[in-house]
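Start from the sequences, fold in the hints, and give me the full structure.
The primary structure of each chain is shown beneath.
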Amino acid sequence: MSVRKIVTVVEEIHTEGGRAVAQPARVAVVAAVVANPWAGQGFVEDLAPGIEAHASDLGALLAPAVLDALGAPAEAYGKAAIVGLGGEIEHGSALIHTLKFGDHFRKAANATTLLPAVEKRGPAGVVFDIPLKHITDATIRSHHQSFEVRVSDAPHPDEIVIALAAAAQGRPQQRLAPLTTEQ
Amino acid sequence: MQERTDHPDENIGLRKLVLYRDTVVTEAGATPAEPARRASVAAVIRNPWVGTGPSADLSPEQSRVAPVLARLLTGRLIAALGGADAIESFGKAAIVGTAGEIEHAGALIHTPYFGNLVREFLQGESIICFADTRAEAGEELVVPLWHKTHAATRSHYQTISARVSDAPRADEIVVVAAASTGPRPHPRIGDRVTDPVVTTETLEVVPS
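Order-wise, the sequence lines are chains A and B. Each residue of the first sequence is one higher than the one before, starting from 1 at the first, in the working numbering. Each residue of the second sequence is one higher than the one before, starting from 1001 at the first, in the working numbering.
The reader is advised that the hints may include incorrect statements.
SDA-like, lysine to any residue: derived pairs with alpha carbons at most 20 Å apart [claimed, not checked]: (1) 5(A) x 1025(B); (2) 5(A) x 1023(B); (3) 5(A) x 1126(B); (4) 5(A) x 1186(B); (5) 120(A) x 1165(B); (6) 5(A) x 1158(B); (7) 5(A) x 1035(B); (8) 5(A) x 1063(B); (9) 5(A) x 1142(B); (10) 5(A) x 1206(B); (11) 5(A) x 1082(B); (12) 5(A) x 1130(B); (13) 5(A) x 1123(B); (14) 5(A) x 1034(B).
Honestly, the hints are just simulated from the structure, not real lab data.
Here it is as C-alpha cells:
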C-alpha cells in the first residue's frame, strides 16, 4: 500500500451551548492518504484482488492509531473513503466496505455494530463529514454525531483518503429522550 | 493529546481545542530522508474585548489570557510531537471573529505574554513567525513555521494549515501554535551559505 501521509485530528470540546461539558468531549480521526490501487486502469471489473491486497493492511494501520489518538475507550465510531477525481466512488467503497477492513477497528474497540460511513469523490481539500454511531448498539441516540474533516492537499486525482473516527462519548450536551421512550 | 486532561482555566472562555497533525510517509513517490511530523493546535476562546471599542486598553486581559493559552497550546503540541526536544520549527497564528478587531488577535499572540512563553516552552530562541486574519467560522489559515533557533535555516521554511469547522464565531478568537519536527520532505534549494551572490548586475537576464 503506497501511503503518502497520515493525518490525525483530535477535537476536545470544553463548553457547548454556553455551559461547561462535564468531561471534555473528545473525538479523534486518523486518515491515510493512499494511492488509488485502480488508478489509470480504466474500468476494472473485478476489485477483489485490490481489496485483498490493501483493505486489511489499511484497517490494521488506522484502527490502533485512532484509538491511541483518542486516548480513551471508544464509545462511538465511523469511517470514510474520499476518492480523488480520477477514481470511482466504488474504489473507496471497495477499501472500506469489507470485514477485512472493519474488523480491525471492531476488534480493537470491542465493538459489534456496523461502521457508519461516508463515501464521496472530490478535489484535494474537500470537506467531508464522518457519521459516528455507538459501537455496540446503533440505536443509542445520544451517540449519533458526525465529525467534519478536511485534508488540505488530498486526495489528488489518483488518491483515496481512508479515515477512521472514534468518539469517547456521545454528543457534548446530549439530552434527547432515548428511542425506547417512543416505542 | 494522548490522554484526557482536566479542564484548563475556564476563565479564558475556552470552547474547544483542535489538534491537527500530519506525518509525511512519501512525497513525490519517495520517502523523506528526515521524515517530519507537523502539528497545529487551535484553541477557540471567547473574545474578551468584543464591544469594547478601538481605544480600549487591551493589556489587562492580554496578560491574563495569553499565558494560559501559551501553556495550554504548547503542552498539547509537545505531547503530539514527542517532546520539546523533537520540535525543530515553530509558528503561531490567530483568527478573530467578525465582531472583533485584528488588534485583538494580535494582543493574544504578539506580546511577551504569549510569544516569550511559547518560545521558552518549546526551547527556542528565534522570533516566532505568524499569520493572522479576521474571518467567518471554518476559514483555513496557513500557518508559517521556521527554525526555532536559527530562523534563516531555509530547509525548515514550511507551513501547516489550521482550520476549525465551526470557529471562530463572531465573538470568538482562534489562537494557534504550530510546530514541526524537521524540514520539508525533500529540501534542496540550498541555503545562505551555498547561495551565489545575486544582484541585478550578476544576472544575465535582468527582470524589467
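To see whether the hints hold, each was checked on the structure:
1. For the given pair, residue 5(A) sits about 5 Å from residue 1025(B) by alpha-carbon distance, which is consistent with the 20 Å threshold.
2. Among the hinted pairs, residue 5(A) with residue 1023(B) is consistent with the structure: their alpha-carbon atoms are about 5 Å apart, no more than 20 Å.
3. A threshold of 20 Å between alpha carbons decides the hint, and for residue 5(A) with residue 1126(B) the separation of about 29 Å lies outside it, so the pair is violated.
4. Between residue 5(A) and residue 1186(B), the direct Cα distance comes to roughly 14 Å. Compliance with the 20 Å bound is thereby established for this hinted pair.
5. Proximity of residue 120(A) to residue 1165(B) is assessed by CA-CA distance (about 18 Å); at most 20 Å being required, the pair is judged to hold.
6. Restraint check: the Cα-Cα separation between residue 5(A) and residue 1158(B) comes to about 16 Å, which is no more than 20 Å; the hinted pair holds.
7. Between residue 5(A) and residue 1035(B) the CA atoms are separated by roughly 11 Å; this keeps the pair inside 20 Å, and the hint holds.
8. Proximity of residue 5(A) to residue 1063(B) is assessed by CA-CA distance (about 39 Å); at most 20 Å being required, the pair is judged violated.
9. Restraint check for residue 5(A) and residue 1142(B): the C-alpha separation of about 18 Å stays at or below 20 Å, so the hint holds.
10. Restraint check for residue 5(A) and residue 1206(B): the C-alpha separation of about 40 Å exceeds 20 Å, so the hint is violated.
11. About 18 Å separates the Cα atoms of residue 5(A) and residue 1082(B), which keeps this hinted pair within 20 Å; it holds.
12. For the hint linking residue 5(A) to residue 1130(B), the alpha-carbon distance of about 25 Å lies beyond 20 Å, and the restraint is violated.
13. Distance check on the hinted pair: residue 5(A) and residue 1123(B) sit about 27 Å apart at the alpha-carbon level, beyond 20 Å; violated.
14. Between residue 5(A) and residue 1034(B) the CA atoms are separated by roughly 14 Å; this keeps the pair inside 20 Å, and the hint holds.
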